[in-house]
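Chains A, B, C, D, E and F are the protein sequences, given in the same order. Residue numbers for the first sequence follow numbering that gives the first Met the number 0, so the first one is 0 and each next one is one higher. Residue numbers for the second sequence follow numbering that gives the first Met the number 0, so the first one is 0 and each next one is one higher. Residue numbers for the third sequence follow numbering that gives the first Met the number 0, so the first one is 0 and each next one is one higher. Residue numbers for the fourth sequence follow numbering that gives the first Met the number 0, so the first one is 0 and each next one is one higher. Residue numbers for the fifth sequence follow numbering that gives the first Met the number 0, so the first one is 0 and each next one is one higher. Residue numbers for the sixth sequence follow numbering that gives the first Met the number 0, so the first one is 0 and each next one is one higher.
By construction, these hints were calculated from the structure, which means they are not laboratory data. Not one of these hints is a red herring.
Given that identical chains are not distinguished, each listed pair holds provided it fits within a single copy or across any two copies.
Keeping only pairs whose Cα atoms sit at most 20 angstroms apart, straight-line, the calculated SDA-like set for lysine to any residue is:
1. Lys-31 / Ser-308
2. Lys-247 / Asp-141
3. Lys-84 / Phe-56
4. Lys-13 / Asp-86
5. Lys-84 / Asp-16
6. Lys-36 / Arg-325
7. Lys-13 / Ala-34
8. Lys-326 / Leu-190
9. Lys-326 / Gly-228
10. Lys-243 / Glu-256
11. Lys-187 / Asn-290
12. Lys-13 / Val-79
Okay, here's what each chain looks like letter by letter:
Number of protein chains: 6
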Amino acid sequence: MPEDSAPLTVRELKAFDTAANGKPFTSVLVIKKLAAKTASNGNTFYSSELGDRSGSFSCTVFNDSPAFEALKTAGEGAVVRIDGKVDFYQGRFSPRLGKVTALAESELGAPGLIENLVEVAPEDQQGLWQEFQAFIDAIAHDEVRMTVRGVFDEIGETFRWSPAAVAMHHAYRHGLLEHTVHMARACKALLPLYPEVDADLAMAGILLHDTGKAIEYEGTLATKRSRRGILQGHVVLGYQLARKHGIKAKLDADRLERLEHIILSHQGEPEWGAAVYAATPEAVFVSMIDNLDARMGMVQRALRQTPESDEFSERLPGLNSQLLTRKLRPPASPQLPL
Amino acid sequence: MPEDSAPLTVRELKAFDTAANGKPFTSVLVIKKLAAKTASNGNTFYSSELGDRSGSFSCTVFNDSPAFEALKTAGEGAVVRIDGKVDFYQGRFSPRLGKVTALAESELGAPGLIENLVEVAPEDQQGLWQEFQAFIDAIAHDEVRMTVRGVFDEIGETFRWSPAAVAMHHAYRHGLLEHTVHMARACKALLPLYPEVDADLAMAGILLHDTGKAIEYEGTLATKRSRRGILQGHVVLGYQLARKHGIKAKLDADRLERLEHIILSHQGEPEWGAAVYAATPEAVFVSMIDNLDARMGMVQRALRQTPESDEFSERLPGLNSQLLTRKLRPPASPQLPL
Amino acid sequence: MPEDSAPLTVRELKAFDTAANGKPFTSVLVIKKLAAKTASNGNTFYSSELGDRSGSFSCTVFNDSPAFEALKTAGEGAVVRIDGKVDFYQGRFSPRLGKVTALAESELGAPGLIENLVEVAPEDQQGLWQEFQAFIDAIAHDEVRMTVRGVFDEIGETFRWSPAAVAMHHAYRHGLLEHTVHMARACKALLPLYPEVDADLAMAGILLHDTGKAIEYEGTLATKRSRRGILQGHVVLGYQLARKHGIKAKLDADRLERLEHIILSHQGEPEWGAAVYAATPEAVFVSMIDNLDARMGMVQRALRQTPESDEFSERLPGLNSQLLTRKLRPPASPQLPL
Amino acid sequence: MPEDSAPLTVRELKAFDTAANGKPFTSVLVIKKLAAKTASNGNTFYSSELGDRSGSFSCTVFNDSPAFEALKTAGEGAVVRIDGKVDFYQGRFSPRLGKVTALAESELGAPGLIENLVEVAPEDQQGLWQEFQAFIDAIAHDEVRMTVRGVFDEIGETFRWSPAAVAMHHAYRHGLLEHTVHMARACKALLPLYPEVDADLAMAGILLHDTGKAIEYEGTLATKRSRRGILQGHVVLGYQLARKHGIKAKLDADRLERLEHIILSHQGEPEWGAAVYAATPEAVFVSMIDNLDARMGMVQRALRQTPESDEFSERLPGLNSQLLTRKLRPPASPQLPL
Amino acid sequence: MPEDSAPLTVRELKAFDTAANGKPFTSVLVIKKLAAKTASNGNTFYSSELGDRSGSFSCTVFNDSPAFEALKTAGEGAVVRIDGKVDFYQGRFSPRLGKVTALAESELGAPGLIENLVEVAPEDQQGLWQEFQAFIDAIAHDEVRMTVRGVFDEIGETFRWSPAAVAMHHAYRHGLLEHTVHMARACKALLPLYPEVDADLAMAGILLHDTGKAIEYEGTLATKRSRRGILQGHVVLGYQLARKHGIKAKLDADRLERLEHIILSHQGEPEWGAAVYAATPEAVFVSMIDNLDARMGMVQRALRQTPESDEFSERLPGLNSQLLTRKLRPPASPQLPL
Amino acid sequence: MPEDSAPLTVRELKAFDTAANGKPFTSVLVIKKLAAKTASNGNTFYSSELGDRSGSFSCTVFNDSPAFEALKTAGEGAVVRIDGKVDFYQGRFSPRLGKVTALAESELGAPGLIENLVEVAPEDQQGLWQEFQAFIDAIAHDEVRMTVRGVFDEIGETFRWSPAAVAMHHAYRHGLLEHTVHMARACKALLPLYPEVDADLAMAGILLHDTGKAIEYEGTLATKRSRRGILQGHVVLGYQLARKHGIKAKLDADRLERLEHIILSHQGEPEWGAAVYAATPEAVFVSMIDNLDARMGMVQRALRQTPESDEFSERLPGLNSQLLTRKLRPPASPQLPL
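Okay, chain A solo, but in the shape it has when bound (with noise of 0.2 angstroms):
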């Protein structure tokens, strides 16, 4: 165990046992959900969930708690600092709140906090955006650059930190950045062999089409979907942004419509959110790269994620299987005994 002053994670402090009430401890966790009800007996009090990267609590605070208000103003995605003493209510760990502190945006860079709170594009971010900034800067059509650029500079930073899905592939801080320039790596890598597509109109296509998920995704630290998410969906939302921006540019119609057409198509079918099927050469391409870079993502979270010990990881949903995480033997090994 660690000694009593550092922060604790909540791992941590679930290995606590009854013999530790009311030792006091301190934490910085993030308000993973914060549910405002009304006891029987009238009065307001909160639901909450508050974690890290290594678990979470559930824990209720009453109106008359000095916490009541500091979550209150803190609100739903905050991290904040809390001193407590440990405490069990019908035998699960639910701490005695003392001081409840939100830590202001400059101290979130500290080192390793956001780390420990969630989980991070394992890239380093900082390359990823330069890479990122460097395929706009490639593309070689004018209008369709500014189309992209006008975008970036419009939700850049949001785009930033957003993972690329709530569940499923690349779901986590940077993840959707991190999808993107990974796609855009094939994409360039294919260029080449697919003479039929054109190159700005593929790249631009790539880089414009999660950026709805940057508005359908709300809170960098714990994600649910936005209102607009749920009433417009990211395929509409990426391909509005485009559009907005395709007309500032002065893009010529058919590059417009085009482009507007790979972000409207790149789900695929119908029933996983396509508007409509992809029916340009760059279309196709660009909903196959996103396919493939998607199940990669999870083969290479799942590598990642599965400890060396076992031989397979968790079965995973997008996969419909476990993954064989077993390094290949060495060239030596034995044959089949047939």
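Once you have looked at the hints, place chains B, C, D, E and F on chain A.
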């Protein structure tokens, strides 16, 4: 109209009208179907379909016709030279057949002959075949390479001529070779981006994944599913080929099982024919590249076959849509009227 | 048979037999298809389909025929007056075309002319259009009403003539107008029963929900999907129209988003084309009324088209069944023999 | 907290902590489950679940407890008054039961009692029932009306109390009555718009369409499917009821068959339970109104149950979405920032 | 060709060519379709389809033809003797009809007559019928047996002649009887292995499970779905029959409900028409035997109909495959070349 | 409660309450799960699940406990004798483990021991195994019999103990043997009725159809899918076994291919795992018998496991329904009140 002495295509034959009744002609055609039937008087006759790349016509041949024995000997799928006279039955072109001569294997090599009879892959098959050999040679792991080499020593000639499908994608002579080479190119381009994928296994998996189709499809000029194709399917047939040659090449058990798995899972979903879901990094990777190139193959064929004056292709069943085949307008084209 | 000088319908033309060969006739027909092809001698010819409400026939027109240029100028979907002579090719009616004259827009208004060429909504379109205007005027919220008004100022004329579908329900001239008015009537009748539904938003949603079809379907006499229809789909096209005019009308953000949502979700299920699931009271309400009137429209058309002597209609694909079209027996009819 | 002498709700009971051990209390609860089990020593005991509208708890009762016989006699679904003492087992509320007394049918009418035990339709059921009778009386065709009357003379009392579903729409006491009356209102409002629909058959079809549910669901306080519900399903049970009373009322064979058909087809699709597809104007009409009101019922319930402070409801399985429950902003709200 | 005086089959008629124009012939045919239409001159004519087991042809009959009244009186599904003269219309066989005489019920018994008109079950129907009676007699439980007996006293004659399907399995005259007897044999063979199945209920369930088809299919020579078939479906019709006769036979409520349940659930899945899922041992047992014999019936028919020279049958929709019909090679055949 | 010295079942252990804290006990249990984890202090510990047929509990074992090494050596799936002391953690039974001893293979044969640990097929496995051998011996065709014999010489011991499934039907020890014998009995009973089925091939197909499961499922006491099961699936594994031994037995190519086909197709539909659709009489026959016995196996298990006092079983996922398990009422039971 060409001179009478040159062989006529089916399209040219069908351009005749009844004024041409009795006119002699020569054609080189494939026997697409040949079904023996019994007339009510007990006599046998053939209901046959003869055709080339430009079309086909039906023809009934009674057993007292000189053509009867010639067709019988040649059999379904053979190429025959026909001397006939123009005739019509119930308004349809229905020639009187004179002499029917089966072409020898050696005669099929005449320039343009096969190309007139069936659709052929647009790329030079000689070049594709050499590139294919180079992909085999580039496999670094000895036993993996020897396994692949062994399979193609056994079925290479058939593989080289096979279509990749009866309908859908790459459904033409050499289509299987073309599709496999295209996948190998994509694999080579993408491998640096997905270092968790074993390069030798992935490449071997790609080269072998559809080898069962060389057994499943029968007849290079009139494709149909073979008995083994119906009873086992190309997935199991390809798996069996890889297993046999892997054991011969003394490939270690771990790699052989992973190689077999790529073949067993490459169709993606059980309802599309996969025996199991892809459960190794290589298997996920190969099945996604297969998907990508299959769809792009449909795009490429539609671009080749749609007249330039048309904006869209016919509806492509594999894409659930028509394809926009019209070329991008030049840069200076007008902006969308909004 | 009518006198020779009056224009003949396709059904009347097809009633001729070969005894009528060479007989001159006149017809007013739509050019349903017009495809340029190249003969083996390099000459261009048209493979065309000409028809009216009673049927259609195919016709090949070579480029040395006087009709060639006339057809080219008129184009697919135009209405032409044809002077021809009865002829048959391979047993099928295949007239020799003489003079082909395209009718001017102004000539199309001749009484009964359009009705003979295509199926038309059974209700008087003039009355429907006035009722439609009244529904717009009755929207109480100013910006909502101005949004709707704006859309129809832009696309009203096309909307007024469009079918509601290529096949399925209300698939005839003015069908889109008819279906929308019927939905508006149902909306008005049901609103008092569902007070949680905002009347203005629901009515505006109904009037706008299918406006994208006025862009998706092209050609008032020979319907096919337009380029924008294929690349974007009517759901997104209608959403875009509403958004543009909502912004122009300064509609508040909350209402505009809800109005857009009605359009984006009205198809019900993603596999039927909905961009998102209905997630507001108004969106659920509108999508259910759409469903109800679409099905009842199929019922109404089957009742109109099935001969009185038949007990059941043909099988209706949209209902997965034949429809019992026989009228209820009079009250005194016999009881079931049990 | 209320005084000790007043009956406590389950939510209030669960608010106790171990400090309250031994505290006496009284509650009025439904026996939600009652399963006899055999301990390893051969003794019988009950594993029971007791609850009210605010929640439920499990309770094991051995056969030497005075409560054992009382529970046995009362049976699953009965309402009991319980005198107990607060206790906890393994951290969960698990009271020691003292006296258990089943409430008589007559006592259930006490004001608010049922409402505390189960969710009840929000509209006054007395008024709904009168309106329902009026809908029957308004059927003009004598035998049709007598058929409907006959069915409700047989099952009316049960129908009046039944929920319309175990889960999904109108799943609460009187929900079946409420849903049916709402459909009847919608039917009356829409009939003038669809004159091809026979008013008497449609209204009779609506009133009878779900009567099988009064047999399929058993227990007014703890709903489960009955033996007949499992073995025949509500569609066939309702059909059988209509048939029996139609024959009694001497309804003519044509009308009876059409009325039976409405019931057999109202679920729409075979996979949702329809015996056949709707194949009469009335059957199509009724099944669409059923769909509309079922969905709107889910909307209405979500609006009632979602706290005003929330923008969206929980995800509603029947709508595949959360519902935007936040009221429309006042007219002067800001425009979308575009 | 047979002598002119003997009746010709449709296959023989179609073998004529235009050289035979005007040649008189006689045929015995079924009126497969008979649709009254109105010509543009207001005259009524019949568009009819006449055929036998070897094929069919279309024939237009105007109301001034002597055949018009004869066809009208005979009606769809009747067997008629036709005197006609060979003729062709637009290249298709289209005889001029002379005298048309409907055959009396008594004439249909002529040896081979029915067999020439429609496909008939291969087993002797007399023997099948006796075996069927014996299965009824062997039911030990009195009321169960009397219920079954009652149903067949009512519909036995129709049942005996019905096909088991319009397409798919046992789709021929006596097919329903044949399929039911085959299932009864399988039931008898399997009952000793599944002692948890009540023998009398299972056998009664099998004998009754498809009796609704005797009402759903109409016309023994030209099968189509009847009004009751469309409006209720064979599952409900069979249930109703069993219920009526079960009540008459005073069958106890428990057994009657289980017997009805077998019929309601025998189709297996709701999307295949089951009203409920099988929920008794007998219902599961019967639905599995139904499945087994239906599939084996398709196998048997394909074996009968595929020429011996063919290795595979045509594709069988009910099996989703072609069937290998080639006999097993003799024991001494060669081993697989591996 | 039994005496302290006798081993206690999990159900008995869980019946203790906190008053029994510290009480010593002995149990014989299966190690159902054993996962090594790392605590935040770097120490390794096991999260294990121990259980028998009556239930299971979780138990954390640190690496300084004497039980740690014993569990490690024994491994997942082993049977261990445990000496422990009753304890609770957070209200759940969580004993302190003292001595843990793995039972030797030889000790597992003690009467009733295995039966207490896992569910076992109800029929005597010794008798089933003898009957199974007799079915092999009864195959008349020498090479077919030798093929089957060869397979079971290789995998017989594992086959004999395997369950037929992880969940669903016959999911218990010896279940695979039991299901296969039941199918063989059904096959024998049905063969006389379907003479088109080759008896030897069908019987061999049945005996071999699921042999791949003996490889796919691993661990006789704690079933999970093996590596080969995940990567190849039981269909391909069984096919491979048959192929290997068919070649060894010099089975002729025709029969071997048909035998392999039975295995490849027995799952019926590709989405249930079939490599191809059944395309021989034997393959259709075997897949239907498999279906029948699988469903009846679910029925039989539900009848065994449902208490006599219950009318219905729990919902059975494989039947999509609860099962009526109540016995038929005696003959004199009352008629339905209609």
